[in-house]
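Following the hints, put chain V in place on chain A, whose structure we already have.
As given, the protein sequences belong to chains A and V, one line each in that order.
The letter at position 101 of the first sequence is residue 110 when you use the working numbering, and the numbering goes up by one with no holes.
The letter at position 99 of the second sequence is residue 108 when you use the working numbering, and the numbering goes up by one with no holes.
Hints listed in this document are in silico derivations from the structure and should not be mistaken for laboratory results.
Among the clues, some could well be false.
Treat identical chains as interchangeable: a pair holds within one or across any two.
EDC-like mimics (lysine to aspartate or glutamate), calculated; alpha carbons at most 16 Å apart, straight line [what the hints assert, rightly or not]:
| id | residue 1 | residue 2 |
| --- | --- | --- |
| 1 | LYS41 | ASP140 |
| 2 | LYS163 | ASP113 |
| 3 | LYS35 | GLU22 |
| 4 | LYS81 | ASP52 |
| 5 | LYS163 | ASP104 |
| 6 | LYS163 | ASP102 |
| 7 | LYS74 | ASP102 |
| 8 | LYS35 | ASP52 |
| 9 | LYS163 | GLU105 |
| 10 | LYS81 | GLU173 |
| 11 | LYS74 | GLU174 |
| 12 | LYS74 | GLU124 |
| 13 | LYS81 | ASP61 |
| 14 | LYS81 | ASP138 |
| 15 | LYS74 | ASP185 |
| 16 | LYS81 | ASP104 |
| 17 | LYS41 | ASP68 |
The lines below spell out each chain.
There are 2 protein chains.
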Amino acid sequence: MRDGDTVDISLSELSLRSGLNSALVKYYFGNKAGLLNALLDRDWQAIVTSVDALVAKDDMDPEAKLRRHISKVTDTFYAVPYLNRLTMRMVRDSDETGARRIADCYLSPIYRAYENLIGDGVRAGVFRDIDPQLFYFTVTGAVDRFFATRLVMKYCFDTDTLTEELRDRYREHTVDIIMAGILAR
Amino acid sequence: MRDGDTVDISLSELSLRSGLNSALVKYYFGNKAGLLNALLDRDWQAIVTSVDALVAKDDMDPEAKLRRHISKVTDTFYAVPYLNRLTMRMVRDSDETGARRIADCYLSPIYRAYENLIGDGVRAGVFRDIDPQLFYFTVTGAVDRFFATRLVMKYCFDTDTLTEELRDRYREHTVDIIMAGILAR
Chain A
10 MRDGDTVDIS LSELSLRSGL NSALVKYYFG NKAGLLNALL DRDWQAIVTS VDALVAKDDM
70 DPEAKLRRHI SKVTDTFYAV PYLNRLTMRM VRDSDETGAR RIADCYLSPI YRAYENLIGD
130 GVRAGVFRDI DPQLFYFTVT GAVDRFFATR LVMKYCFDTD TLTEELRDRY REHTVDIIMA
190 GILAR
Chain V
10 MRDGDTVDIS LSELSLRSGL NSALVKYYFG NKAGLLNALL DRDWQAIVTS VDALVAKDDM
70 DPEAKLRRHI SKVTDTFYAV PYLNRLTMRM VRDSDETGAR RIADCYLSPI YRAYENLIGD
130 GVRAGVFRDI DPQLFYFTVT GAVDRFFATR LVMKYCFDTD TLTEELRDRY REHTVDIIMA
190 GILAR
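This is chain A alone, in the form it adopts within the complex (with noise of 0.2 Å):
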């Protein structure tokens, strides 16, 4: 999925590059929604318990955790820029209980830890009154899109490849723009 820069995989494609038996993927996982889902919950489960841990560190003011955070989100969107189509992918293509199952357990405890990073710095005049929820859209698009658009580097910018400098640059581009449109002045 990295190297295409799509969710749209295969199981024949997937054999094909892992060199194992796709009767594997049943084996372990099910069927093809299995895998995915197991992927799912690997990516997400670093995430979430990575962001609980910052939020309830006591020796950090509100600025240091955004910014720490804001860093750490485009480490994670480097490392798997799939995640947030594959996301969206599987909320649609499951059942009722399925989506809310994703929503429940990876997607609102993100925005419940927005909601108290933000608000902490807001109750002590650091920040500026950001509403959290549309907060939340602003710092996760502004790196998904970036990295969801290796093709537009490949057809604009004449370089496919998304390298650790660009990666580095991007990343004190965001935390700097961000940091400075929400700091109270």
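Positioned in the frame of chain A, the structure of chain V alone reads:
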């Protein structure tokens, strides 16, 4: 595509929704790719014309131009929320020539507009020294993500309609946070 929050549509579904025979698609557009290319052309041409006109305005300062532009991006994504995903899909599914045409006609002109919009403001000392290429991803990402996630809204925030009221709130939020992020203090 707007209703389903997806660019995966079939000609038979299209025919069902529109009440028109799918043979008409073949008659007018050749095939599904032809139809989608025509849609892309229609949507993008309006955007490129409007952005070019904004950049060319002599009687508006860089701050007012950028403010107006971010507002319009929000309105555009509200009107055609599928546009970015459809564009990426078409770039990916086209051959080299087709992909290059989309990049040259639609993506590069917008990027050049950003170079002008941001460059003018930086030179005038109104904006901080921000990279226009990275800024382009920040703006379009922040807006795209919001509208691409009606499903998140449904399961996390118990509303699956993107109302005009929410669009207006998000427009104000986005203009506010991004302008605060870029303006020189």
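Here is how each hint holds up against the structure:
Taking identical chains as interchangeable, the C-alpha atoms of LYS41 and ASP140 are never at most 16 Å apart, the minima being 38 Å within one chain and 41 Å between chains. For a Cα distance limit of 16 Å, the shortest separation of LYS163 from ASP113 across copies, 12 Å, qualifies, whereas the shortest one inside one copy, 37 Å, does not. Taking identical chains as interchangeable, the C-alpha atoms of LYS35 and GLU22 lie at most 16 Å apart only when both belong to the same chain, with a minimum of 15 Å there against 31 Å between chains. Proximity of LYS81 and ASP52 under a CA criterion of 16 Å is satisfied intra-copy only: 14 Å inside one chain copy versus 35 Å between copies.
Taking CA atoms no more than 16 Å apart as the test, LYS163 paired with ASP104 passes between copies only; the shortest distance there is 13 Å, against 37 Å inside one copy. Taking the closest pair of Cα atoms, LYS163 and ASP102 come within 16 Å of each other only across two copies (14 Å); inside a single copy the shortest separation is 30 Å, beyond that limit. In the homo-oligomer, the alpha carbons of LYS74 and ASP102 never lie at most 16 Å apart, since the shortest distance is 35 Å inside one protomer and 41 Å across protomers. When the C-alpha separation of LYS35 and ASP52 is checked against a cutoff of 16 Å, the pair qualifies neither within a copy, at 21 Å, nor between copies, at 43 Å.
For the homomeric pair LYS163 and GLU105, the shortest alpha-carbon distance between copies (11 Å) is at most 16 Å, but the shortest distance inside one copy (38 Å) is not. In this assembly of identical chains, LYS81 and GLU173 lie within 16 Å of each other by CA distance solely inside one copy; the values are 14 Å within and 33 Å between copies. For the homomeric pair LYS74 and GLU174, neither the shortest alpha-carbon distance inside one copy (24 Å) nor that between copies (31 Å) is at most 16 Å. In this assembly of identical chains, the alpha carbons of LYS74 and GLU124 lie at most 16 Å apart only when taken from the same copy (13 Å versus 32 Å across copies).
In this assembly of identical chains, LYS81 and ASP61 lie within 16 Å of each other by CA distance solely inside one copy; the values are 13 Å within and 36 Å between copies. For the identical chains of this complex, LYS81 and ASP138 are neighbours neither inside a copy (23 Å) nor across copies (24 Å), given an alpha-carbon limit of 16 Å. Within a single copy, LYS74 and ASP185 get their C-alpha atoms as close as 14 Å, which meets the 16 Å cut-off; across copies the closest is 22 Å, which misses it. For the identical chains of this complex, LYS81 and ASP104 are neighbours neither inside a copy (31 Å) nor across copies (36 Å), given an alpha-carbon limit of 16 Å.
For a Cα distance limit of 16 Å, the shortest separation of LYS41 from ASP68 qualifies neither inside one copy, at 43 Å, nor across copies, at 57 Å.
Hint check: violations occur at hints 1, 7, 8, 11, 14, 16, 17; the rest are consistent with the structure.
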